[in-house]
Amino acid sequence: MKASRRDFLKTSGVLLVGLRTLRAQGPLQGSPPLNQLDSWISIAADGSITAYSGKEELGQGISTAQQQLVAEELSVPFNRVKLIYCDTALTPDQAHTSGSQSHPANFNTDNLAQAGATAREALFRMASQKLGVPVERLTASDGVISGGAKSVTYGQLVEGKKFSLALDSKAKRKSPSQWTVLGKPIPRPDIPDLVTGKFEFVHNVRLPGMLHGRVVRPPSISATVASVDESSVAGMPGLVKVVVKKNFVGVVAEKPWQALQAAGKLKVTWHPGPPLPDQATFHDSLRRLPARDALMVDSGDVDAKLSGAGSTVLKATYLHPYQMHGSMGSSCSVADVQGDRATIYSATQAVWYQKSTSAMILGLKPENIHVIFRRGSGCYGVNGADTVTYDAAILSQAVGKPVRVQLTRKDEMAFENYGPAYVLDQRASLDSNGNIATWDHESWSPGLGNRPGTNRPGNIITGFLLGFPPADFAPRSAGPPPPGAPARVNNNSNGVPSYLASVTGTVQSGRVLTHTVESRFFTGPLRSPARLQNTFAHESFMDELAAKVKADPVEYRLRHLRDARLKEVLQAAAKGANWETRPSPKPGNRKTGIATGRGAASVLYEGDNGYTALVAEIEVNQDTGKIVVKRMVAASDVGPISNPDGLRNQVEGGALQGLSRCLGEEVTWDNEKITSVDWRTYHSLPLGFEVPKIDAVLINRTEGEVMGAGETSITLVAAAIGNAIFDATGARIRQVPFTAERIKAALAARA
Amino acid sequence: MAITLKVNGRTHSLDLDPATPLLYALSDDLQLNGPKFGCGLGQCGACTVIVKGQAVRSCVTTVKSVEGSDITTLEGLGTPEKPHPIQQAFVDEQAAQCGFCLNGVIMTAKAFLDKNPKATEAEIQQAMSGVLCRCFTNVRMLRAIQRYAR
Chain H
1 MKASRRDFLK TSGVLLVGLR TLRAQGPLQG SPPLNQLDSW ISIAADGSIT
51 AYSGKEELGQ GISTAQQQLV AEELSVPFNR VKLIYCDTAL TPDQAHTSGS
101 QSHPANFNTD NLAQAGATAR EALFRMASQK LGVPVERLTA SDGVISGGAK
151 SVTYGQLVEG KKFSLALDSK AKRKSPSQWT VLGKPIPRPD IPDLVTGKFE
201 FVHNVRLPGM LHGRVVRPPS ISATVASVDE SSVAGMPGLV KVVVKKNFVG
251 VVAEKPWQAL QAAGKLKVTW HPGPPLPDQA TFHDSLRRLP ARDALMVDSG
301 DVDAKLSGAG STVLKATYLH PYQMHGSMGS SCSVADVQGD RATIYSATQA
351 VWYQKSTSAM ILGLKPENIH VIFRRGSGCY GVNGADTVTY DAAILSQAVG
401 KPVRVQLTRK DEMAFENYGP AYVLDQRASL DSNGNIATWD HESWSPGLGN
451 RPGTNRPGNI ITGFLLGFPP ADFAPRSAGP PPPGAPARVN NNSNGVPSYL
501 ASVTGTVQSG RVLTHTVESR FFTGPLRSPA RLQNTFAHES FMDELAAKVK
551 ADPVEYRLRH LRDARLKEVL QAAAKGANWE TRPSPKPGNR KTGIATGRGA
601 ASVLYEGDNG YTALVAEIEV NQDTGKIVVK RMVAASDVGP ISNPDGLRNQ
651 VEGGALQGLS RCLGEEVTWD NEKITSVDWR TYHSLPLGFE VPKIDAVLIN
701 RTEGEVMGAG ETSITLVAAA IGNAIFDATG ARIRQVPFTA ERIKAALAAR
751 A
Chain C
1 MAITLKVNGR THSLDLDPAT PLLYALSDDL QLNGPKFGCG LGQCGACTVI
51 VKGQAVRSCV TTVKSVEGSD ITTLEGLGTP EKPHPIQQAF VDEQAAQCGF
101 CLNGVIMTAK AFLDKNPKAT EAEIQQAMSG VLCRCFTNVR MLRAIQRYAR
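Protein sequence lines, in the order shown, are assigned to chains H and C.
Here our numbering is used: position 8 in the first sequence is 8, and no number is missing along the way.
Here our numbering is used: position 122 in the second sequence is 122, and no number is missing along the way.
No wet-lab data here; the hints were simulated from the structure.
Some clues are possibly wrong.
[Claimed, not checked] Calculated from the model, a selection of chain H residues having no Cβ within reach of chain C, i.e. all distances over 12 angstroms:
(1) K82
(2) P192
(3) V195
(4) K198
(5) A304
(6) M328
(7) R661
(8) W669
(9) K673
(10) R750
[Stated by the list, open to error] Listed next, the in silico EDC-like pairs over lysine to aspartate or glutamate satisfying Cα-Cα at most 16 angstroms (straight line):
(11) H/K82 - H/D38
(12) H/K567 - H/E518
(13) H/K198 - C/E81
(14) H/K265 - H/D298
(15) H/K172 - H/E200
(16) H/K255 - C/E75
(17) H/K198 - C/E75
(18) H/K255 - C/E81
(19) H/K693 - C/E121
(20) H/K255 - C/D15
(21) C/K82 - H/D193
(22) H/K162 - H/E121
(23) H/K255 - C/D92
(24) H/K161 - H/E254
(25) C/K64 - C/E121
(26) H/K575 - H/D552
Please read all numbers here as calculations on a predicted model, not as lab measurements.
Think of the CB as a built atom: it goes at the ideal place given N, C-alpha and C, for glycine as much as any other residue.
If we strip away everything but chain C, and leave its shape as in the complex, we get (with noise of 0.2 angstroms):
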């Protein structure tokens, strides 16, 4: 069925099985490289969105459920040109390894701190306690989050 999707300021209109996860009609037929599988269960971030100023696990999100909402991925908030201060943030702090996880780190950051912008370091830490990066990177992740939150 025919289902509206507010992605990043444009809307589209998909013919999709309305029980599809989000992450599939952003991944496969928008094409955005954003949003990545991780685990399916939203259990690890990876697919992360922010809809109506939260973050949302794509992976387990239906497409009806989101209709009409607006959606932003990575790629709404900046480009490699003009990137959103929490990307630079993580530029400045050369915070990636093999950078899969980067989206959920991220997204979920933003979400958290548009909402909470004096938050303490032990209360990002809290919010970052659903998130994976199996690099490890967490020194320099959670120091880019705090750059961007000062």
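Extracted from the complex, chain H is given alone in its bound form (with noise of 0.2 angstroms):
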């Protein structure tokens, strides 16, 4: 098990709770234990396989993926294998699902992937006994092991029994040259169900007797109740109940319509917090504030480089706003709060913490609640799943019956815990070569609360309101870097640039410096955490620094890594976009009307979580400052590839997210509230716009480790659009979005 990969940047950067911690206190009670082969594989009288996950299916098609990997090692055609994952009641407990770390935990040599094997080995040893046959001349296929012209089944040889053995770390896996089953495109089986209204997500999970619920929500975060006038909504028709518990306020109601209807006329009277920083000066302000300090990676030597006779230096500072997950659909949840006992239906990441921190919302033993997942709309992090889930707990609690709630859109959006705000300052030496003498990185982030762990229901709003406080902020200065171990330590964040000798690359000297401010929104993981961030800045820097140098982008960047796989991707990205050698920005291009660029960017996920690079050709209309990205290749290179369409799939979403992202998606606010509430006010791309054709170059592997890939893509695109636009126009946009009035400043800003 992996534990340590993401431990540390939960711990320091941005103020996450630690996952080994997490891990040292075990599976909470009632979750099969993870090193028995019973915990994941049943094999029933009649052959039929049940494997059991803790990796649940997001729609980035993992399910998929899990019951191909069981059907590889059993020998058996996809569709003999059935998966169950994430019920505290019945399958192992993995933590969460996320930070593509689904492919790495179950797909190596641990977890899944080896109860896999361990069940094969046991079934073939089984039938040596029961056929008199030695192992090595036994063959299995479609749940039959055959030899010496005799044959058993899997359901003959386990008799509806329990294996009763312990995962093997010694059993076997089967190379990725012999897969028949994994490796190949096999279609979801939840599409079809999917697309004809069948599928029950969260969302339609009907429980008899259901009543529903909904939330009323303070101003912000910090305001508290004043006063709740509950005549005001004395004799609504279906009204049950009123709830108010410290800071939140819901309400009951026989249906959906009258609890919303409730819910907005019930007056609820607010202390406001403290007025929020203007959004204007917002990220300057950052700087200024009480921080948590990290030294990540220091070689002792770069301010001597950066103010050495005769040293070519440059700088440039980054800005990334808040971004928020704004799911689709908003959150809900459905919970049946009886006495003492709990059942709870949640998209959450991780039921086993849901039931743990619900136990604390609720006053309840975690032994007596059963949580179980049911598909959400869109996760990319901590969208609002885990917080409406405390809401219907709450509810059923307060009325003894099962009840169901749905968030407002504006519930979901002001309060979800938003990727957090950056600012990136980078500077870099050139020796006399022009190549990269030293680079500085440091940055400032706002965080506050995060999932919710076992034991911080305070991280998200409802926890908060019920009085739970979030993690603790406490301010410090930078200790020494970690020593000897700067590699290992800092691969996990995408803080260090790639090109630190320390992780993929061959400068020698650096020094990576973050600090963590208190922020006034809850934030918490989105799609590529902090990488996204930090990477935008390394890989627009890495272009200005190419630029500086006259050197070709991809080239300069190939002059500057070691790693030969993150170098192979870049070539394989730039190869697939038929990448013409010159440095940015184009010759030619003229200063008005629509010029044509290209950029690219590439890293290593996390410094050891999926290859990927990425090149992006665009127009920039420099009358408007509208841009059509025209076309993005997308290289990837995450191991031996499970299923390629899936891969694709999620490499293609990835892309088009990233661009959402990057041209218009910023949360706003005014000196109350978040004003960015709806689908006019929170700008993404629709499902109809220009769509830029994505050519996916899959590099596949038939030995080493899997890797995710739910991640890469998304990381690289507003520096690639950002270094298309440079190589286009000659102007440098360094804030993301990359909104049309920003694009106008800085091509009105060219020299």
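Grab the two chains, each in its own frame, and use the hints to assemble them into the complex.
Printed below as a string of structure tokens:
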């Protein structure tokens, strides 16, 4: 188990709860143990196979891939395997489904993959005994083991019993070169139900006697209840109860429309919190707030190299806004809390932590709570899925009946845990050959709350309103960088530029200093958390350095990289785009009208979890500031590919989601409240626009470990587009989103 | 008051506040999973149904205003076993991620193409510019719509 993979970031950079701490406490009561084969796979007397996983299907295709994995290891057709995931009473506790970690966790040498291999070897041993044929002379196909003209089915071998075996770390996985089910573009089995309305989302869970709740949120997270006038809703049709607990306010009614009416009519007076900071000067204000600092890399010679006589020094500051998950459907949950027991249907990414933290808010024992995952609307991190689960649980407890709660669009958008804003200062000096002599990175980012983890319900809005505090924020100076192992530690965040020798590059001298300050809004992981913002700065700045020395941007990157796979993926993207080797900006472009250009970016996601490179080809209308992206070539190397169509789907979706975030998405506020609260005020690209052609170039591997793929292409989009704008126009844009106004301002500022 | 709704060829008499948005009647009273609450503001398309051949945002359409009209939901097009050709096109293109937006995408595209069978790619894009997919499955979904249009 690579428990350490993300721990450092989660305990330092962004005030997250450390997974290592969580894991040290072990699985919560009730989940089958991770080290036992029966926790993962059961074979019924009729030979049907059921697999159990703690990694859930959110729409990323992982359930299909997991089904392929088990079918592959057990040599049965795909359809023979049934997969059950993320139910606290049934499946092994695998913490969160997040961080592009489902493939690393379940497809290499642990967990579900190892269960498959252990089961296959156990079945072969049983067959050998039963048939009197040595294991090496047996073969398996379609659930039947044969050898020496004799055969026996899995069902006959297991006879409906348990394996009663521990996972065997020595059981041999099938090699990708032997794969017949994995590695194939098997269609997702959920799509026929999705396209015909048969599929049951958490929004469609209907329990007998179910009532409907709605919450009444404060104007901002720091407002508190002054008074609730229950008479304002007295006698409203269907109203069952008004529920007030500290600053949590909600209503329960017989029907959803009645609940919405009552919530709208309920008169609540709030004490406003302190005013929100001025958004116009917000980024700069982050530099002056008390900060929690971390020095992640420091070679000790950076200042000397930046001030050395004759050295060429470049600096630039990049700005990123708060952005939201903005899931398509507002979040929903159904809870049935009766006495000291609760059954909860939730789209949470962590049913086990939902169980332990729901226990806290309900005052119940965790072992009396059963949390069942049901898919919600698009999950890219901490959307409202966890918080609405608390809403449903609290309201259900108040009425002693099952309650369904779905948030309004505004409540979803105004109170979710946003991907944090960033200020990123980059400085570098160049040697006499134009190569990078030192790279200095300093960033400021606001944080508040996070995923609830095992015991922090106050990390999200409902827990906070109920009186639970978010994770502590304590400013502190940076200690020395972690001794001896910068690569290991810093690999995780992409806070360290790829070009430093301590990670994937050749530059020996560098410093990475991060400052986390307190946010006035809740924050949390949003697809490619921190990596997207850091990579925007690094890969834009790398382009600025290449332009300074009139080098081709791809060639300049390759010159400063030493990781062979990162180089290969970058070359693959360049080749796929017929990249013309020359410096930017593009010679001969006029300064008015339409100009075309191309830009590249590459990164090893998290330092060890997905090689990715992107080339974007764009048109800039220099009169209007409008950008049209014509084509994106996204190359990917994530090790042996489980399902090439599933990977393609993730790469395409990531590229376009990245485009939407790069061109339009920005959380906005006034002095009292969030003002980006619907699709008119938060600017997402729609389904129909001038959608670029997307070429996914997939580099497959027949050996080595698999990596995550869900957060690769998205990480590069802003940098690749910004670099393409520079190529087309000679104007550098350093603030996301690249609105037409900002592009026009950058064009006007051209030399 | 009693409201009569004709949904997918069946007539239902429901006791509803006439101001109730159609979506609430479909998903709560009739327990249909196809039309979905996305925004409640008519901005995202998730709740789309077809009424008299028109794509209608059921979250901002009162039950009273469609009383007696023929209402078709996603379920009314086809089933997993016998999908409508446009549904089959989405299966063929594997055009889904989380799938929450599919109702709005399919119903909007179908209503548009039924009226404009010879629509160009640019016209289809335009017709789909009021619909969201936040997982950004645009490439495959537009390809599925094209496949159905052919």
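Original post:
Is the straight-line distance between the alpha-carbon of H/K198 and that of C/E81 16 angstroms or less?
Top reply: Roughly 11 angstroms between the alpha carbons, so the hint for H/K198 and C/E81 holds.
**OP:** Would you check the hint for H/K567 and H/E518, treating anything up to 16 angstroms between C-alpha atoms as holding?
**Re:** This hinted pair is violated, its Cα atoms lying about 38 angstroms apart.
**OP:** For the pair supplied as a hint, C/K82 and H/D193, confirm whether the alpha-carbon distance does not exceed 16 angstroms.
**Re:** Holds, at about 11 angstroms.
**OP:** Below or equal to 16 angstroms on CA atoms is what counts here, so check H/K693 against C/E121.
**Re:** Cα-Cα ~13 angstroms, so holds.
Original post:
Does C/K64 pair with C/E121 here, judged by a C-alpha cut-off of 16 angstroms?
Top reply: Not satisfied, since the Cα-Cα distance of roughly 36 angstroms exceeds 16 angstroms.
**OP:** Verify the proposed pairing of H/K575 with H/D552, using a straight-line Cα cut of 16 angstroms.
**Re:** Distance of about 14 angstroms is within 16 angstroms: holds.
**OP:** Could you grab the alpha-carbon distance between H/K162 and H/E121 and see if it respects the 16 angstroms cut-off?
**Re:** Given that 16 angstroms is the threshold and the Cα spacing comes to 15 angstroms, the pair holds.
Original post:
Taking C-beta pairs only, is H/M328 more than 12 angstroms away from all of chain C?
Top reply: violated, 4 angstroms
**OP:** Confirm or reject the statement that H/R661 sits farther than 12 angstroms, beta carbon to beta carbon, from all of chain C.
**Re:** violated, 10 angstroms
Original post:
Is H/K172 close enough to H/E200, meaning Cα to Cα at most 16 angstroms?
Top reply: With a Cα-Cα distance of about 37 angstroms, the restraint between H/K172 and H/E200 is violated, given a limit of 16 angstroms.
**OP:** Could you let me know if the closest chain C CB is still more than 12 angstroms away from the CB of H/K198?
**Re:** violated, 6 angstroms
Original post:
Are the Cα positions of H/K82 and H/D38 separated by 16 angstroms at most?
Top reply: Roughly 15 angstroms between the alpha carbons, so the hint for H/K82 and H/D38 holds.
Of the hints listed earlier, those the structure fails to meet are numbers 2, 3, 4, 6, 7, 12, 14, 15, 16, 18, 23, 24 and 25, in rising order.
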